[in-house]
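Residue numbers (this note's numbering), protein chains in the order written: chain D, 1 to 365; chain Z, 1 to 246; chain C, 1 to 263.
Some clues are possibly wrong.
[Stated by the list, open to error] Which bits of chain C does chain Z cover? Going by a derived footprint, with three or more residues having C-beta under 8 Å, they are: (1) 10-19; (2) 210-216; (3) 223-230.
What the hints contain is simulated information worked out from the structure, not anything from laboratory work.
Yeah, the Cβ is synthetic: ideal placement off N, Cα and C, and Gly gets one too.
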Amino acid sequence: MTSLHADLTARRGEFALDVRFDVPAGSVLAVLGPNGSGKSTLLGCLAGLHLPDRGTITLRGRTLTSAPRVHVPPHARSVGLLAQDALLFPHLSVLDNVAFSPRARGASKAAAREVALRWLTEVDAVGLAGRRPGQLSGGQAQRVAVARALAGDPALLLLDEPLAALDVDAAPAVRGLLRRVLGAREPERATVLVTHDPLDALALADHVVVLARGRVVERGPTRQVLGAPRNPFTARIAGLNLVPGTATADGLRTRGGGHVSGLPAPDVVPGEPAVAVFAPGAVAVHPAGAPPKGSPRNTVGAVVGGLEPHGAVVRLRAVDGEDWAEGVTADLTPSAVAELGLEPGTPVRLAVKATAVAIHPAPSQ
Amino acid sequence: MRRPLAACLAAVLLTTACGGGGERTVTVFAASSLTGVFGALEQRFEADHPGVDVRLNLAGSTRLAQQIREGAPADVFASANAATMADVADAGLVDGEPATFATNELTIAVAPGNPRGISSFADLADRGLTLVTCAPQVPCGAATREVERATGVDLRPDSEEPNVRAVLTKVETGEADAGVVYVTDVRSAGQRVTGVPFAEAREAVNDYPIAVLRNAADTSLARRFRDLVLGAAGQRELAEAGFGAP
Amino acid sequence: MRPDRGVPRALWIPAGLALALVVLPVAGLLARADWARLPELLTSAAALNALRLSLVTAALSTVACVLLGTPLAVVLARSAGRGVRVLRAVVLLPLVLPPVVGGLALLFLLGRNGFLGYLLDVVAGVRVPFTTAAVVIAQTFVAMPFLVVSLEGALRGSGDRFERVAATLGARPWTVFRRVTVPLLLPALGSGAVLSFARALGEFGATITFAGSLQDVTRTLPLAVYNQAETDVDSAIALALLLVVVAVLVIVVARPRALEGIR
Numbered sequence: 001m002t003s004l005h006a007d008l009t010a011r012r013g014e015f016a017l018d019v020r021f022d023v024p025a026g027s028v029l030a031v032l033g034p035n036g037s038g039k040s041t042l043l044g045c046l047a048g049l050h051l052p053d054r055g056t057i058t059l060r061g062r063t064l065t066s067a068p069r070v071h072v073p074p075h076a077r078s079v080g081l082l083a084q085d086a087l088l089f090p091h092l093s094v095l096d097n098v099a100f101s102p103r104a105r106g107a108s109k110a111a112a113r114e115v116a117l118r119w120l121t122e123v124d125a126v127g128l129a130g131r132r133p134g135q136l137s138g139g140q141a142q143r144v145a146v147a148r149a150l151a152g153d154p155a156l157l158l159l160d161e162p163l164a165a166l167d168v169d170a171a172p173a174v175r176g177l178l179r180r181v182l183g184a185r186e187p188e189r190a191t192v193l194v195t196h197d198p199l200d201a202l203a204l205a206d207h208v209v210v211l212a213r214g215r216v217v218e219r220g221p222t223r224q225v226l227g228a229p230r231n232p233f234t235a236r237i238a239g240l241n242l243v244p245g246t247a248t249a250d251g252l253r254t255r256g257g258g259h260v261s262g263l264p265a266p267d268v269v270p271g272e273p274a275v276a277v278f279a280p281g282a283v284a285v286h287p288a289g290a291p292p293k294g295s296p297r298n299t300v301g302a303v304v305g306g307l308e309p310h311g312a313v314v315r316l317r318a319v320d321g322e323d324w325a326e327g328v329t330a331d332l333t334p335s336a337v338a339e340l341g342l343e344p345g346t347p348v349r350l351a352v353k354a355t356a357v358a359i360h361p362a363p364s365q
Numbered sequence: 001m002r003r004p005l006a007a008c009l010a011a012v013l014l015t016t017a018c019g020g021g022g023e024r025t026v027t028v029f030a031a032s033s034l035t036g037v038f039g040a041l042e043q044r045f046e047a048d049h050p051g052v053d054v055r056l057n058l059a060g061s062t063r064l065a066q067q068i069r070e071g072a073p074a075d076v077f078a079s080a081n082a083a084t085m086a087d088v089a090d091a092g093l094v095d096g097e098p099a100t101f102a103t104n105e106l107t108i109a110v111a112p113g114n115p116r117g118i119s120s121f122a123d124l125a126d127r128g129l130t131l132v133t134c135a136p137q138v139p140c141g142a143a144t145r146e147v148e149r150a151t152g153v154d155l156r157p158d159s160e161e162p163n164v165r166a167v168l169t170k171v172e173t174g175e176a177d178a179g180v181v182y183v184t185d186v187r188s189a190g191q192r193v194t195g196v197p198f199a200e201a202r203e204a205v206n207d208y209p210i211a212v213l214r215n216a217a218d219t220s221l222a223r224r225f226r227d228l229v230l231g232a233a234g235q236r237e238l239a240e241a242g243f244g245a246p
Numbered sequence: 001m002r003p004d005r006g007v008p009r010a011l012w013i014p015a016g017l018a019l020a021l022v023v024l025p026v027a028g029l030l031a032r033a034d035w036a037r038l039p040e041l042l043t044s045a046a047a048l049n050a051l052r053l054s055l056v057t058a059a060l061s062t063v064a065c066v067l068l069g070t071p072l073a074v075v076l077a078r079s080a081g082r083g084v085r086v087l088r089a090v091v092l093l094p095l096v097l098p099p100v101v102g103g104l105a106l107l108f109l110l111g112r113n114g115f116l117g118y119l120l121d122v123v124a125g126v127r128v129p130f131t132t133a134a135v136v137i138a139q140t141f142v143a144m145p146f147l148v149v150s151l152e153g154a155l156r157g158s159g160d161r162f163e164r165v166a167a168t169l170g171a172r173p174w175t176v177f178r179r180v181t182v183p184l185l186l187p188a189l190g191s192g193a194v195l196s197f198a199r200a201l202g203e204f205g206a207t208i209t210f211a212g213s214l215q216d217v218t219r220t221l222p223l224a225v226y227n228q229a230e231t232d233v234d235s236a237i238a239l240a241l242l243l244v245v246v247a248v249l250v251i252v253v254a255r256p257r258a259l260e261g262i263r
């Protein structure tokens, strides 16, 4: 059963957001997109903080927005919002922060605190009940914020980059917590998770829509979409390399006329549009000119465009170069970068084993 | 204090440069009630003495006396009451003897046409009347007290203003039904107020003394200004403004 | 001692001059005070009356500033549009207006011939000038901008993120104001109130013009100082010292607490 239905257009100057989607009761939809793709605007419209220019939003059959006539204010929407920053009220104790929503919705002080305690227990933060938000670490604060957002028993839970502001040590724990409380599958609740991190989507969401420049470019079950991106935006977000072209028996023919060998998925039809997908870790980097030895069957000349630390490795982004080299990313160890003397502008040769390349059918343009 | 006078005064404290170098100046500290008369006399004096600049510092007499005692560069002091002049004289700051050059009497200022029909000092004791007087600390207030004592009338003012000008303003704006001020103030206010004279005012006639100060920069010039005030021309101007003869 | 990291040496000279400009005149006041007569001067009926009246009226006008100025600051900070910009400028008027002019303006509004004053007089038989209420109104008039400016600054600085979260948690606008906006504003409200109180305490020009000067009714400490200066400078200095002491107490004791607030 559809719980949340949204179909809206919102303009902000030159930018226009134009999306349509449904979220079934009890499920989590991830909205993935780079910065500026319209994610925040979308969330604002759902929460009732922005008024879309056109469209409707319904939640459990109740119309929340029917622009421009109907606009239910945020406090009457039964939504819970968990933002990037915990934004706990600094003047209230942790317990009263969590009790805020039940209180605001009419519960007695005692009843609200009881609900708050239950949720604090749920997020393993009951020991923090008496503290002030200023005394919490980032991860603790976000835990409490999760409890606060859920304590009001919202029909729609909105998660706005909930892990983006946490350091690398705190994020996994809170991600696990969200997984647990969302996985508890409150059967009535719809959840929309806005993120730029495919890991969040994979961990938490059943379905994903990918936003680019205000439009949905791809949608479907999370694993399917992220595992086999059909669109460069999705691939970029998923952190995968994607080369579009036409399917062949053992790979695809690129638009530049070259050939990329790979393992075709079962539903690939030769001659039809397809994409070659491979992880940055599968790309080897060699000095320019030297033809690589051994099994790799896909090589291409390229120029180093940028080098950025990416966790423990350095991610190289190629510019220019032959054929499909443009935009391809490769992960190297810092010592390899030093050994090869890489810096922006250095010509290199990229190589990918055919076994590391997946060929997927692409939506026809 | 209008015009660039304030600026000049400020400058005087630092240097003596206002109105061009080489000019001789007479600095006259005069009670505010003398504003009109001394303004006219300043022009006359400057016309009679080319190259001389008269600077007027107009304020409440007490304030002027304080400034003089604190060492303000004044050549002539014209006070609105004898006691204030006595303070300055007692401090040994006066050159020679102060001379009385005018008198002033209290009168009642009311709205034009006297709508409340006030005709005597005793009428001011009416509690339904909004009355303002000067505070007893300033000369016009002290004089008002004196009249009260002499007449046995007990005034209950709604406000005791810090100077006579403020009393007049309260009457002019209609906030007060009546105010006790000087004859000269009513004269200067023209059509905006009506004066109701009362006989008991004779009980508290205010003497205006003038003196050249010991530390005058140019004693002879200062004396000449004093003489102008005491002479026929000065007396004519004073009489025109409503002041009584000494 | 902790080194003053990050403060350029060059700042010390103007900073010292600024401090001297504030401190030295007060030191002059202390030097001129007649300490032997001080107890007698300060315990005179006139001094005590003026002190009591000053404290009461300044406290009342601070309350008025808080009750009226807080909503005004919220409206100014949270509304958009050209009209609001004009309003903000208007609110600041009492800061630049000479207080005497402010007093005259109040007279033209609430005086016997002022359009509101006339109405009050005719309809309710109420006359505002020359009453203690007039003192409070004059003080509120001059002190209000201090409260509004400090609150509006705080509101703009903190943004409305907490208010938005509170709204999504189901709080109605009034609940948000009461339970989130106001508590978060308390530190700024505290320092704004202290500034307003201090300004009200020192208010002279608007009071004398609008309310007059009468012991027990409208003669606050600054008016008493001015009055005393006519005859008895020692007494005026004593009263001025009293004013300085009260102001210092308010600013030194209350302000840091208000600034630290509830954090």
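- Against which earlier hints does the structure fall short, listed by number upward? Checked against the structure, the only hint that fails is number 1, while the rest are satisfied.
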